[in-house]
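Construct the entire structure; sequences and hints are all you get.
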Amino acid sequence: MGIILWIVFGALVGWVASIIMKTNAKQGILLNILVGIVGAVIGGWLMSFFGGSEIIGFNFYSFVVSLIGAVILIAGYKFITGSMPKEIGM
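Taking the numbering used here as reference, the numbering of the sequence shown is continuous, increasing by one, and the terminal residue is 90.
It should be emphasised that the hints constitute simulated quantities derived from the structure, not laboratory data. Careful: at least some of the hints might be erroneous.
If you anchor each label on the Cβ, the simulated ranges turn out as follows [claimed, not checked]:
hint: 1; residue 1: W6; residue 2: G82; range: 24 to 34 Å
hint: 2; residue 1: I80; residue 2: G57; range: 30 to 40 Å
hint: 3; residue 1: I29; residue 2: G51; range: 31 to 41 Å
All C-beta atoms, glycine included, are put in the ideal place defined by N, C-alpha and C.
This is the structure we're talking about:
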């Protein structure tokens, strides 16, 4: 049951991050899941690096931390590929 929760949680986080970063039309469900799960790992690592509390279970705090990680992941990808909108300055 745990892996199913990770997939659903990853899909939700990835979907919200793609809406925030305006990549929703380019991402499908599989990429949303991948971005959400990798974003959770990135966000968890950043929170532990900066002294944040440990992430245990699925709650609002873990959603926010995962969302921050997913947004950072999408922004990093956009920066590397050069697909930033002109309004941002690239």
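Tested hints:
{"no.": "1", "hint": "W6 x G82: 24 to 34 Å", "result": "32 Å, holds"}
{"no.": "2", "hint": "I80 x G57: 30 to 40 Å", "result": "33 Å, holds"}
{"no.": "3", "hint": "I29 x G51: 31 to 41 Å", "result": "35 Å, holds"}
Consistency note: the structure conflicts with none of the earlier hints.
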